[in-house]
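Visitor: Keeping their order, the protein sequence lines are chains B and C. FYI, the numbering for the first sequence is 1 to 334, going by the working numbering. FYI, the numbering for the second sequence is 1 to 237, going by the working numbering.
Hints are supplied without guarantee of correctness; some may be wrong.
Just some of the chain B residues that point at chain C, by a computed CB distance under 10 angstroms [claimed, not checked]:
#, residue
1, Ala44
2, Leu46
3, Gly68
4, Leu70
5, Glu76
6, Asp77
7, Leu81
8, Asp82
9, Ala85
10, Arg91
11, Leu100
12, Gln116
13, Ala117
So these bits of chain B aren't anywhere near chain C, every CB distance computed over 12 angstroms [claimed, not checked]:
#, residue
14, Pro209
15, Gly226
16, Thr240
Derived SDA-like pairs (lysine to any residue); straight-line CA-CA distance at most 20 angstroms [stated by the list, open to error]:
#, chain 1, residue 1, chain 2, residue 2
17, B, Lys235, C, Thr193
18, B, Lys255, C, Asp218
19, B, Lys248, C, Glu188
20, B, Lys255, C, Arg191
21, B, Lys255, C, Pro128
22, B, Lys248, B, Ala231
To be clear, the hints were calculated from the coordinates, so they are not data collected in a lab. Predicted model, so just to flag it, every value in this text is computed and none were measured. Idealized CB from N, CA, C, for every residue including glycine.
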Amino acid sequence: MRLFHDWYVAVLVNEDGVQVDRLRWTGGGGVQGAVERLERVAQARLTPEAAQLLERFPEANVEPVGEGELPEVTAEDLAFLDQAALRLAERGVADAAGDLDRRLEHLHRAMEEVRQASNVRLSRLVEWLGLFLPDLDLDKDRLGTARALGEADDLGGLARHLGLQTPLHLPARSEWRSLRDHGAAAVDVQARLDRLEAALRTLAEAHLPSLSALVGPMLAARLCVGAGGRARLAKLPSSTVQVLGAEKAFFAHLKTGSPPPKHGFLFAHPWVMRSPLWVRGKVARTLAGRCSIAARLDAYEGTPMTAEDVAEVEAKVLAIRAAHPRPPSRKGGR
Amino acid sequence: MGRASGKPPGRPLSDAVRMDVHAPWTWSANPGATVYGETLRKAKQGEWRRWDPRRSKVASGLLRTSGAAERLLPAPGDHVLYLGAGHGTTVSHIHDVVCHGGAPGRVVAVDLSPRCLRDLTRLSHARPGLVPVLGDARRPEAWRAWLPRRASWVFQDVAQAHQASIFTSACERFLVPGGRGLLSLKVESDRGTDADGLRVKVEHELADAGLILEEVIDLEGFEDKHLLFVVGRPPRA
């Protein structure tokens with residue numbers, strides 16, 4: 001006995017190929033009935049009709065769905081199928097919001113954009129204001145300068161407040177208002193950036209607990225987005241993780257034979273950045289290996305890394321630095 | 001988006017499709033609406049939609065083919081399978097054809113991206129017979145039930161590695177004997193081969209799967225580094 005089925009029908013055939021029994025879905029449950037049956041078939045589970053036939057003939061062999069001679073679908077079946085398909089597709093679209101990779105990506109990119117906007121605003125602002133206030137320090141506490149500007153009544157008052165010389169030229173009234181608005185807006189953009197970063201930290205720590213513990217949530221998020229998602233990051237070899245974010249240098253290396261990059265996004269980590277030039281590659285390689293392990297723990301839901309695990313990696317990094325206190329000799333090298 | 005009215009464009013390929021010098025046109029199954037900003041042309045009892053060959057590989061194939069263009073398209077009432085449906089540009093024209101004059105055609109449009117499905121589901125509300133599926137072309141078990149009858153026309157445009165083997169297994173599983181399949185091949189998606197090497201490799205793969213290669217259309221100029229393979233599945237012996 002063999003049991004064939006699809007979402008709309010189940011058929012039982014004996015050894016001679018003769019149909020013994022057949023159960024057809026008769027539209028019970030309407031579109032929702034079709035949705036449930038399609039879902040079962042997609043997950044390789046038995047439909048209610050197939051289960052019922054199997055109960056009657058427990059010795060039957062269940063064949064893969066849709067194989068063998070099944071009766072044709074009717075126009076009615078097809079109408080149900082199309083409506084159910086649309087409902088399933090819409091549910092699938094709505095379900096995309098449950099994918100933390102997608103949410104992390106939007107949050108990360110929004111943060112990058114706002115960070116860029118914030119930097120552009122602040123640099124324009126200090127240059128603009130610095131034109132009127134020649135002894136203003138343009139590089140010190142730009143945000144504090146913006147805040148003071150946003151709250152000032154006029155340029156003379158601002159100069160007194162900041163302890164600077166009285167300006168030689170004063171802006172026109174409307175010009176001053178625009179300048180002050182620009183200062184207030186720069187402060188506002190900075191506040192938005194802070195909120196974005198806080199949200200990104202929270203999401204990254206939930207989605208990538210181990211990687212966040214190891215390299216911090218911001219860098220963890222950047223690695224994840226750069227790799228195209230947590231599952232893909234977990235599948236990458238750690239040699240790729242090491243140069244993730246340095247694609248330009250990496251492909252230039254393959255094409256022209258220029259020296260390969262030692263680090264990509266990972267350069268942002270103090271263990272790499274603050275190491276002397278000649279051990280950065282070694283440190284980045286070690287760190288990339290641990291990042292791969294952390295990403296795999298996160299993707300396959302293992303026990304997250306603890307502070308001790310991270311301290312162990314740090315000890316290893318410090319050992320690498322200690323083992324190479326001086327740059328290698330150039331003799332005989334490249 | 002123009003709405004010029006007057007005489008129908010070009011010469012007829014079939015009831016549903018006409019062809020002018022620059023582009024094919026399809027008889028709209030949903031008159032009054034554009035899908036992607038294409039030009040519309042009013043006619044007495046409906047509307048023609050211009051099928052932009054720069055945005056659709058099937059349309060550019062229709063222009064470039066050395067044989068009869070109409071053989072590349074399904075017929076009204078056909079059930080067809082479209083893998084890699086994207087945002088529904090080409091799908092909408094195929095839907096125009098298979099649902100021409102209220103024919104009970106079905107286009108099962110599979111795509112992996114929820115973003116694309118969003119556009120396809122919107123389109124589907126206005127176009128009954130267009131069936132969107134959120135699924136992976138490489139995993140047909142998950143959506144094969146959506147296509148209870150074999151398709152008479154299969155099109156694939158997935159820009160993934162192993163495009164040819166995805167296509168041959170789709171044809172084996174879903175294409176009716178005597179049906180026609182179109183494979184749009186993005187040369188860059190299969191690593192480590194140049195265009196000519198890939199072409200030969202794919203030709204072998206298609207032949208091994210028992211498909212008869214009718215034509216390979218180079219879409220250069222419309223779509224860079226894309227080849228359109230036109231195959232037929234032999235009728236049941």
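Visitor: Does the structure break any of the earlier hints, and which numbers would those be?
Guide: Structure breaks hints 2, 3, 5, 11, 12, 13, 17, 18, 21 and 22.
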